[in-house]
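> Chains as they are written, first to last, in my numbering: chain A, 1 to 353; chain B, 1 to 353; chain C, 1 to 353; chain D, 1 to 353.
To be clear, the hints were calculated from the coordinates, so they are not data collected in a lab. There's no promise every hint is true.
Among the chain D residues that face chain A by a calculated CB cut under 7 angstroms, a handful are [said to hold, decoys possible]: (1) T42; (2) L179; (3) L184; (4) T185; (5) V187; (6) P188; (7) M190; (8) I192; (9) L193; (10) L241.
Every residue gets a Cβ at the ideal spot worked out from N, C-alpha and C, and that includes glycine.
There are 4 protein chains.
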Amino acid sequence: MKRVAVLGATGLVGQRFVQLLANHPWFELALVMASERGAGKTYAEAVTWVLEKPLPKQAFELTLYPINVDLLVKEKVDIVFTALPPDVAKELEPQLAKRGIIVVSNASPMRLEPDIPLLNPEVNADHIDAVEVQRRNRGWSGAVVKVPNCTTAIATLSLKPLADEFGIGRVVIATMQALSGAGLTGVPSMLILDNLIPYIEGEEEKVENESRKILGFFNGNRIEFNNSISVTASCHRVMVLEGHTEAIFVELKTRATVDEVVKVMEEFRGNKIKGMGLPTAPEKPIVIRREVDRPQPRLDRLEGNGMSVVIGRVREDKTLNGVKYIALGHNTIRGAAGTGVLIAELLVKKGYV
Amino acid sequence: MKRVAVLGATGLVGQRFVQLLANHPWFELALVMASERGAGKTYAEAVTWVLEKPLPKQAFELTLYPINVDLLVKEKVDIVFTALPPDVAKELEPQLAKRGIIVVSNASPMRLEPDIPLLNPEVNADHIDAVEVQRRNRGWSGAVVKVPNCTTAIATLSLKPLADEFGIGRVVIATMQALSGAGLTGVPSMLILDNLIPYIEGEEEKVENESRKILGFFNGNRIEFNNSISVTASCHRVMVLEGHTEAIFVELKTRATVDEVVKVMEEFRGNKIKGMGLPTAPEKPIVIRREVDRPQPRLDRLEGNGMSVVIGRVREDKTLNGVKYIALGHNTIRGAAGTGVLIAELLVKKGYV
Amino acid sequence: MKRVAVLGATGLVGQRFVQLLANHPWFELALVMASERGAGKTYAEAVTWVLEKPLPKQAFELTLYPINVDLLVKEKVDIVFTALPPDVAKELEPQLAKRGIIVVSNASPMRLEPDIPLLNPEVNADHIDAVEVQRRNRGWSGAVVKVPNCTTAIATLSLKPLADEFGIGRVVIATMQALSGAGLTGVPSMLILDNLIPYIEGEEEKVENESRKILGFFNGNRIEFNNSISVTASCHRVMVLEGHTEAIFVELKTRATVDEVVKVMEEFRGNKIKGMGLPTAPEKPIVIRREVDRPQPRLDRLEGNGMSVVIGRVREDKTLNGVKYIALGHNTIRGAAGTGVLIAELLVKKGYV
Amino acid sequence: MKRVAVLGATGLVGQRFVQLLANHPWFELALVMASERGAGKTYAEAVTWVLEKPLPKQAFELTLYPINVDLLVKEKVDIVFTALPPDVAKELEPQLAKRGIIVVSNASPMRLEPDIPLLNPEVNADHIDAVEVQRRNRGWSGAVVKVPNCTTAIATLSLKPLADEFGIGRVVIATMQALSGAGLTGVPSMLILDNLIPYIEGEEEKVENESRKILGFFNGNRIEFNNSISVTASCHRVMVLEGHTEAIFVELKTRATVDEVVKVMEEFRGNKIKGMGLPTAPEKPIVIRREVDRPQPRLDRLEGNGMSVVIGRVREDKTLNGVKYIALGHNTIRGAAGTGVLIAELLVKKGYV
């Protein structure tokens with residue numbers, strides 16, 4: 001059992017980390033930390049738990065500590081999962097890596113740097129070896145590995161089999177994103193009821209850039225962006241608790257019928273991690289729904305325990321010479337904590353922890 | 001004063017027609033009809049009025065009749081506004097036109113026929129002269145003129161100044177459409193709360209086809225589609241009462257900066273009807289918002305009394321070599337009854353009534 | 001294993017019955033029936049499954065039959081769970097009872113008749129013996145046992161320990177009821193978004209009358225209403241998927257402190273069925289929350305697998321000389337299918353099946 | 001024209017004050033102030049305007065000042081409307097009164113003091129003369145007059161005709177309150193979607209105490225509470241933008257039929273201010289709806305420009321020996337800014353300004 005900690009444990013992504021780690025077969029949830037007033041209380045007292053299942057008993061009595069690097073080292077924590085604001089993460093994560101800790105980070109800083117793996121494991125598990133470069137470059141004994149932006153994690157999983165099989169070029173993504181993406185208090189109800197907000201700060205740039213890195217290549221020295229792909233995004237917040245829905249339009253380099261596209265997606269098993277026995281890996285990274293009106297966030301977001309991307313309405317797209325479809329993923333599981341835990345499992349399996 | 005009637009008067013679009021016609025300076029609301037059980041009651045008794053302002057007093061005491069062509073003729077109705085189901089409209093509207101009545105129709109049948117004007121007045125008022133062709137072809141003394149699909153009306157208004165000034169090619173449209181588009185009882189709350197439905201029957205085809213007709217050309221004999229434009233749409237229902245929001249990505253044939261695009265949109269006055277003094281024409285068909293998070297449906301849908309399209313977030317789009325932006329319009333006003341009334345005003349002005 | 005069937009299996013309560021019965025240790029779900037067009041399809045094809053967990057595999061391939069008494073008899077079904085409209089239930093249920101079938105019914109007809117047990121098992125399990133009277137009176141070899149109205153089931157569970165310990169008199173109940181109570185398509189989204197509906201047909205009368213029967217007495221011959229209690233209700237529909245919230249004000253016949261009231265509620269174990277080993281009985285029929293703002297429907301409705309009533313905010317009430325509190329229960333589990341299954345378990349245990 | 005200022009002008013109640021005062025026939029909106037970062041900007045720049053109608057032009061260019069007593073005095077402001085947090089109001093309002101300014105306050109401190117009028121004008125306009133006592137007692141040349149709590153303003157308006165005509169005793173009130181009552185950012189969407197919150201801090205005590213003061217008596221020296229009335233409240237937040245709905249159960253001292261009760265309510269014209277010509281006074285303080293499912297907040301909240309209380313579902317109540325009914329009022333108009341402006345009009349009419 002590896003000893004793990006969650007930093008930013010009371011927020012929504014932090015809660016998901018706690019939920020996924022409390023009963024994990026490989027990990028022992030040793031410490032929870034947050035920057036908040038709650039420090040000193042038990043986790044059960046400090047958190048406003050809003051997930052669909054009750055707070056796991058294993059986490060009830062954990063003391064919530066303020067963020068403290070020395071304590072993490074002293075407590076021999078192997079892996080730290082971070083769900084911290086960008087400015088805090090930016091400063092803290094390199095310190096942790098320097099002290100020998102493996103950081104699996106949900107925060108955006110450093111995501112685009114060439115020696116920092118930005119992992120969506122079924123898509124680019126092989127980028128993980130950039131950890132060696134990173135250690136060499138930065139003199140770290142630990143490491144920093146990044147979880148992609150939520151929208152990007154969902155989109156790239158759906159694009160991967162198409163890129164492999166047919167080649168892809170232009171990609172247009174319009175999103176309808178869940179409230180949970182903005183955190184517990186991010187979106188006031190007075191501003192979103194009978195409404196939507198057609199803007200999420202920094203999101204479109206993340207989707208456009210991170211997609212090309214995730215679908216890019218590790219050349220042994222650095223991770224190269226895939227510049228044959230061009231992504232444009234428009235991101236919008238809607239009245240949904242959990243589950244990002246994305247309308248994706250893709251140019252295919254090789255002509256393919258809708259049936260061929262569906263087949264390739266449906267048979268995708270995430271070869272890069274297939275057969276490794278990672279506990280959090282879903283059996284089917286992509287689940288196809290054939291009903292005319294699916295996927296829908298409330299009905300489909302927990303598919304594959306929230307780790308599968310659900311795809312429906314695959315249609316020919318004559319404008320882009322390709323296909324268009326709807327992709328849905330659970331933003332705080334597949335798009336955050338779940339992928340984080342899957343990355344950690346991969347790190348263990350690969351011997352980096 | 002022209003005598004007018006509303007058919008399908010108790011539905012949501014019918015309610016908007018009644019609201020807009022009850023105090024109209026040129027029209028007298030003479031008759032309201034519906035196919036329902038309500039027939040025989042007063043309009044106030046029969047309708048489940050849900051608009052944001054109270055039912056106008058002028059409509060209170062109108063008797064709700066069952067649909068009856070003879071009665072419309074006998075009562076010397078000049079213009080009939082229809083908000084009927086497609087199958088009813090398909091059969092009824094030609095009968096009315098034959099009997100000398102001008103039909104302004106919100107129903108989809110016949111929208112794509114080459115002698116039927118599909119009018120978004122600021123965009124293609126000149127197509128109205130196809131009425132003469134239609135009368136010749138079909139032996140009608142009345143006429144049938146169509147209101148575009150709601151999403152299409154909003155999109156084409158925003159595209160027109162770009163098409164005129166820069167030329168446009170590929171267009172990608174992803175929508176977040178209001179519940180009112182499905183009528184009073186169309187979307188059960190159990191199916192949409194904490195959810196969205198990524199499908200609206202027939203909508204994408206309407207957007208893709210009608211756009212090219214509205215942005216097309218009347219050659220004296222027939223209305224030709226604009227085939228230099230290629231539109232692809234993905235249409236989705238969200239938890240908003242009124243107001244369709246559209247993320248639009250457009251290829252521009254001539255390179256233009258964001259500022260140039262905004263300027264052209266902001267200065268658009270709908271030249272085809274400018275200066276005609278049509279009471280329902282908004283001063284600014286397009287209103288630009290410069291805040292980073294606008295337009296929003298609840299806050300902006302009543303701009304220009306619901307007749308303006310509100311545009312925001314105009315950004316460069318490198319993927320499509322053009323721009324992307326958010327367009328918002330009131331689906332039952334600009335996208336239905338309001339445009340219907342504006343069409344009727346144009347018909348009067350042009351001497352067709 | 002007893003063979004059971006669900007009638008009205010595609011509606012919301014029907015779905016809950018199927019969910020609870022598919023893996024039940026004592027029951028085998030042998031047949032599903034509905035009056036709908038779906039008949040002939042598999043259950044998976046016919047149902048619009050909207051529950052929070054996926055459709056159980058055991059139910060996937062069941063054929064959905066139209067309602068058919070002969071088939072139920074031929075298939076040797078022991079217990080039929082009905083989730084039928086009142087008019088259908090009224091006619092059908094006596095026929096089934098006559099043919100030797102035990103009917104556990106969620107429909108309202110016959111609920112107030114003196115030889116028909118209206119069971120909320122933890123409260124009045126002893127009324128079950130009215131089945132013998134009923135068989136005698138009506139010449140039935142089967143039986144009809146009724147599940148209470150949803151709001152009433154929740155309220156009476158909370159009132160029972162107070163009635164036993166302190167005596168209760170006047171009771172005022174104001175409800176905020178979930179959309180699911182009106183069925184899948186009962187409440188159109190256009191009528192409830194940014195709104196509430198302060199009326200539910202027949203609901204207030206049900207609460208006022210059924211409460212006095214459930215808290216009444218079986219005298220060996222008939223179930224007598226408890227006329228020392230007087231209940232008044234005001235019932236309202238709000239934008240919540242599942243979970244009825246009730247503000248309850250109760251006159252206590254014996255003076256009691258808030259702490260005493262909380263203690264009595266918290267220690268309530270539903271003595272009438274305690275120790276019987278009924279699989280669906282929650283460990284704690286009443287769960288007390290001490291936070292100032294709980295219970296809340298989304299966070300608490302699945303407490304005790306949806307079978308517990310969650311109570312919070314117990315306060316002194318000087319106006320009624322008693323207490324006021326908030327009670328929350330899952331309307332389609334505790335208030336319908338779950339209590340139905342619990343009743344069936346009791347019937348088996350007591351030897352009536 | 002009296003010169004007026006709004007303090008706390010950017011919040012939701014502040015926005016309503018600005019909306020109502022911008023075109024007021026007796027008042028000139030001279031100054032807007034807030035404690036926020038926005039100070040120094042124009043009002044249009046500083047405010048997140050969310051009301052259903054656009055920001056009035058008269059308010060666009062007003063400079064938003066930080067709160068400043070000297071400036072208010074220097075600018076010869078006659079009346080200050082305050083929509084401030086309790087702690088700020090508590091300290092500031094007496095200072096303003098001392099400096100000769102009339103303060104019409106929406107804040108809770110001092111509401112229960114015997115020389116401070118707590119005015120719901122149609123109910124207790126005569127309490128206004130406590131201003132003289134207050135000036136005597138406190139040495140003020142200005143005055144402080146309080147707007148009641150929102151829920152209480154709505155409830156007492158509905159109770160007044162019953163108290164006058166039949167006498168009332170016990171009153172039970174259960175509320176379903178709008179989000180706007182908690183301010184622009186008070187209720188996070190993640191905590192209320194598919195949910196409700198059965199608690200509003202301090203609200204129940206306000207309703208219980210303020211009701212008895214408003215329905216009490218000014219004896220020339222002090223305002224006496226009406227102790228023949230006993231009110232108990234349970235207050236809940238639901239997913240509605242504006243409009244508080246209240247289920248009210250009332251004991252009547254004299255027996256009355258439902259028809260008699262409806263008649264008395266419907267004929268109520270708020271005699272205490274009738275005929276004074278106050279511009280904000282609604283023609284009918286109480287509007288009766290006879291449909292079985294009304295009033296509803298979205299459809300009825302703007303009745304009488306938001307100043308009428310809409311009542312429906314008047315039913316006999318045998319438990320309390322009286323009646324029960326649903327009352328709906330606009331919480332930021334009737335329950336806050338609208339009543340504030342009406343109070344100011346009364347103060348002018350009575351010569352206190």
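> Please go over all the hints and tell whether each is borne out by the structure.
Here is what the structure says about each hint:
Taking 7 angstroms as the C-beta contact cut-off toward chain A, the hint placing T42(D) at the interface is violated, the least distance being around 21 angstroms. A hinted interface residue such as L179(D) counts as satisfied when its beta carbon comes closer than 7 angstroms to some beta carbon of chain A; here the least separation is about 5 angstroms, so the hint holds. A cut of 7 angstroms between beta carbons decides the hint on L184(D): the least distance to chain A is about 5 angstroms, and the hint holds. Checking T185(D) against chain A: minimum C-beta separation of about 4 angstroms stays under 7 angstroms; hint holds.
Satisfaction of the interface hint for V187(D) is found here, the shortest Cβ-Cβ separation to chain A being roughly 5 angstroms, below the 7 angstroms cut-off. For P188(D), the interface hint holds, the least distance from its beta-carbon to any beta-carbon of chain A being 4 angstroms, beneath 7 angstroms. For the restraint placing M190(D) at the interface with chain A, the shortest Cβ-Cβ distance is roughly 5 angstroms, inside the 7 angstroms limit, so the hint holds. Using the Cβ-Cβ criterion of 7 angstroms, the hint placing I192(D) at the interface with chain A is satisfied: the shortest such distance is roughly 5 angstroms.
Nearest Cβ of chain A to the Cβ of L193(D): about 6 angstroms, under the 7 angstroms cut. The hint holds. With a least beta-carbon distance of about 6 angstroms to chain A, the hint placing L241(D) at the interface is held under the 7 angstroms criterion.
Going through the hint list in order, the structure does not satisfy hint 1, though it satisfies all others.
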